[in-house]
Amino acid sequence: MAREECKALLDALNKAIACYHHLVLTVGGSADSQNLREELQKTRQKAQELAVATRAQLTAALRDRGLGAEERAEFERLWVAFSGCLDLLEADMRRALALSTAFPLHAPRRPLVRTGVAGGAAGVAARALSARSLRHEAEGDFDVDDLREQECEILQVSEMIHDMEMKVNVPRWTVQARQTAGAELLSSAGACSVGAVSVQERTGPCDPSKALAATVFSAVLLAAVALAVCVAKLS
Amino acid sequence: MAGGRPGAQMPHLSKMERVVVSMQDPDQGVEMRNQRLRITVIPHTVAGSDVVDWLVQKYCISEEEALHLGTLLVLHGYLYPLRRPRSLVLRPDDTPYRFQTPYFWTSTLWPAAELDYAIYLTKKNIRKQGALVGHEKEHYDQLHRKISHTWDLVVMQAREQLRAAKQRRKGDRLVIACQEQTYWLVNRPPPGVPSVLEQGPERSSCTAGRVQMNTEFYKREMERYRKALTRARVKSSVCLEAYLKFSSQHAPHDPIMSGCLPSNPWVTDDDTYWTMNAPSVTVPTKLRVERWGFSFQELLEDPLGRAHFMDFLRTEFSAENLSFWEACEELRHGGQAQVHAMVDAVYQQFLAPGAACWVNIDSRTMERTLEGLQQPHRYVLDDAQLHIYMLMKKDSYSRFLKSAAYKDLLAQAVIPPEAKRRVFPFMRKLPHSSPSPALLPASTSGEPVAAASGPECGDGGT
Numbered sequence: 001m002a003r004e005e006c007k008a009l010l011d012a013l014n015k016a017i018a019c020y021h022h023l024v025l026t027v028g029g030s031a032d033s034q035n036l037r038e039e040l041q042k043t044r045q046k047a048q049e050l051a052v053a054t055r056a057q058l059t060a061a062l063r064d065r066g067l068g069a070e071e072r073a074e075f076e077r078l079w080v081a082f083s084g085c086l087d088l089l090e091a092d093m094r095r096a097l098a099l100s101t102a103f104p105l106h107a108p109r110r111p112l113v114r115t116g117v118a119g120g121a122a123g124v125a126a127r128a129l130s131a132r133s134l135r136h137e138a139e140g141d142f143d144v145d146d147l148r149e150q151e152c153e154i155l156q157v158s159e160m161i162h163d164m165e166m167k168v169n170v171p172r173w174t175v176q177a178r179q180t181a182g183a184e185l186l187s188s189a190g191a192c193s194v195g196a197v198s199v200q201e202r203t204g205p206c207d208p209s210k211a212l213a214a215t216v217f218s219a220v221l222l223a224a225v226a227l228a229v230c231v232a233k234l235s
Numbered sequence: 001m002a003g004g005r006p007g008a009q010m011p012h013l014s015k016m017e018r019v020v021v022s023m024q025d026p027d028q029g030v031e032m033r034n035q036r037l038r039i040t041v042i043p044h045t046v047a048g049s050d051v052v053d054w055l056v057q058k059y060c061i062s063e064e065e066a067l068h069l070g071t072l073l074v075l076h077g078y079l080y081p082l083r084r085p086r087s088l089v090l091r092p093d094d095t096p097y098r099f100q101t102p103y104f105w106t107s108t109l110w111p112a113a114e115l116d117y118a119i120y121l122t123k124k125n126i127r128k129q130g131a132l133v134g135h136e137k138e139h140y141d142q143l144h145r146k147i148s149h150t151w152d153l154v155v156m157q158a159r160e161q162l163r164a165a166k167q168r169r170k171g172d173r174l175v176i177a178c179q180e181q182t183y184w185l186v187n188r189p190p191p192g193v194p195s196v197l198e199q200g201p202e203r204s205s206c207t208a209g210r211v212q213m214n215t216e217f218y219k220r221e222m223e224r225y226r227k228a229l230t231r232a233r234v235k236s237s238v239c240l241e242a243y244l245k246f247s248s249q250h251a252p253h254d255p256i257m258s259g260c261l262p263s264n265p266w267v268t269d270d271d272t273y274w275t276m277n278a279p280s281v282t283v284p285t286k287l288r289v290e291r292w293g294f295s296f297q298e299l300l301e302d303p304l305g306r307a308h309f310m311d312f313l314r315t316e317f318s319a320e321n322l323s324f325w326e327a328c329e330e331l332r333h334g335g336q337a338q339v340h341a342m343v344d345a346v347y348q349q350f351l352a353p354g355a356a357c358w359v360n361i362d363s364r365t366m367e368r369t370l371e372g373l374q375q376p377h378r379y380v381l382d383d384a385q386l387h388i389y390m391l392m393k394k395d396s397y398s399r400f401l402k403s404a405a406y407k408d409l410l411a412q413a414v415i416p417p418e419a420k421r422r423v424f425p426f427m428r429k430l431p432h433s434s435p436s437p438a439l440l441p442a443s444t445s446g447e448p449v450a451a452a453s454g455p456e457c458g459d460g461g462t
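Heads up: the protein sequence lines correspond to chains A and B, in order.
Residue numbers for the first sequence, in the working numbering: 1 to 235.
Residue numbers for the second sequence, in the working numbering: 1 to 462.
Calculated directly from the structure, the hints in this document are not laboratory data.
Just so you know, not all the hints are guaranteed correct.
[Unchecked claim] Straight-line Cα separation of at most 30 Å, DSSO-like style, residue types lysine-lysine; simulated pairs: (1) B/K286 / A/K7; (2) B/K137 / B/K286; (3) B/K245 / B/K219; (4) B/K245 / A/K7; (5) B/K124 / A/K210; (6) B/K166 / A/K210; (7) A/K210 / B/K402; (8) B/K219 / A/K7.
In this text the structure is predicted, and so the values were computed from the model without any measurement.
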């Protein structure tokens, strides 16, 4: 059904944008490298593809006059979320461009800010592309050409947003979001296993590993008790 | 980007960023250490004392100044403390700090967007499993009300960002979370902490409207200078003398320069001073009567002075001058609808030949006034009024000041006594210049005081 498809596309777009945001966070920092720039480009392009596809579907659905009131409300909700996503993407793309220009990886090199983030972000990009892993194929000086591409893509995205505003008339304030305050707590997956934030020497409570440790400990204890009983019986 | 270019509006930010970037130099930058958590090792920690030393050495400044500069860096979020994240101070010891990633620098991400803040709070809510407290909870509820239509997006993004973060190794995850927390501590400070990014009123930039240097512009400039040439000028020696005279004359009358008898009502909550200087009081204070001698304007402005002057003029049979002047004032400041009627009344009473109180105006002014009366408006009698005013000033006013009436007034005028200081300053009773008549029969210094402070003794006594 069209609604399921739209929802799936929107979820994928949302995922790509979240991963892109996560990657842009590290531009200019100690984790910046040609690989990161390549990952940024791939994620960005994926996000744009998804955006174009979602937009086509949503516009088609909203233009359909024969839509029931409830269905229309549903599509309008999706529309508002979609345009919010696009705004976030455009803002992040602009920031990425500004940061990439300010911290170029080609000569003359400016020292990158030593932020303490050292690892690679290949996993994040792979998640965005819904792939298992990412292969880096960039040569050196990737970022120089990438800058020009970024500018074009930013313009494309702003045009898309502008088009959307002109062609589809959905007043945002009339849309009633389905999620209420605190709705994020209802989903249990991933709620506790994110880990603590503080840098103090305390690791977050990770239930699976604690459960494992508890079972191992109790097994060892039982074995010790059994041995003691045997020894007592023998002697 | 929203909000214009923050670098242009807040130039101190770009300067701070240059300092931070020069600290990153691998050869000449600040010394970095590693931070060791239980099993993870996170690099790029810098100690507060190292920062101060580096600043002192690089910019050749004193240690105090380096500490201040370092604190500014921390306050604006370019460095953040690792142990106590909420206290944004630079301590010159081995307290560990770390640098903020350029994404979260104020110049990249200013002003902070509400949607981003909502996503951050939602992420925190998920991590703390619903235990948001204090101002963050309030902000969360507020944001939910404000942008409830995009709340779906907020929840979706928050969940996805957390899942994306899980793809990183643990050390990186911690660092990124700290960075975000610092950013929001700077941009949405908790209550009681002053916001470092607050700016005063918008300053207009100098690039507002370039002036076209064409003929029109020069014509206007010439006109402006021509008018300026014809302005009346006073020599500064003359006007400074007048200024000195004014100051020395008015100094004893100024409550701040010479104190206020009986007591300053704003300080002691005792309004005797105001009652004694009320517009219509039987016996005026000495300072007030002296003031009438300074200038004619002072005399006319004070209602009591005007009344006494009127009495004096009656003895001289020239009271119609003052009445005419008062009528003209009423015309000038009265209602528009009454202008016609008033002009007629004034004409009948003062200006018509054979009028009851005919005023003596010179022929030229009279001609002009009579012409103007054809189209009456509120300023039509201005010339005549000015003539009479100058007449009174030159003639009657000087005689009034030398008259016996004025001298009597001066003699009878009251000098209010200073209010007695309370021995126990924290007693609830307010200080009074004279005790209550119920307790004591007479006042402290003569009948005029009792007469003048009589009215307020009733409400003064407890």
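Comparing the hints with the structure gives:
| no. | hint | result |
| --- | --- | --- |
| 1 | B/K286 / A/K7 | violated, 89 Å |
| 2 | B/K137 / B/K286 | violated, 65 Å |
| 3 | B/K245 / B/K219 | violated, 42 Å |
| 4 | B/K245 / A/K7 | violated, 85 Å |
| 5 | B/K124 / A/K210 | holds, 23 Å |
| 6 | B/K166 / A/K210 | holds, 19 Å |
| 7 | A/K210 / B/K402 | violated, 106 Å |
| 8 | B/K219 / A/K7 | violated, 68 Å |
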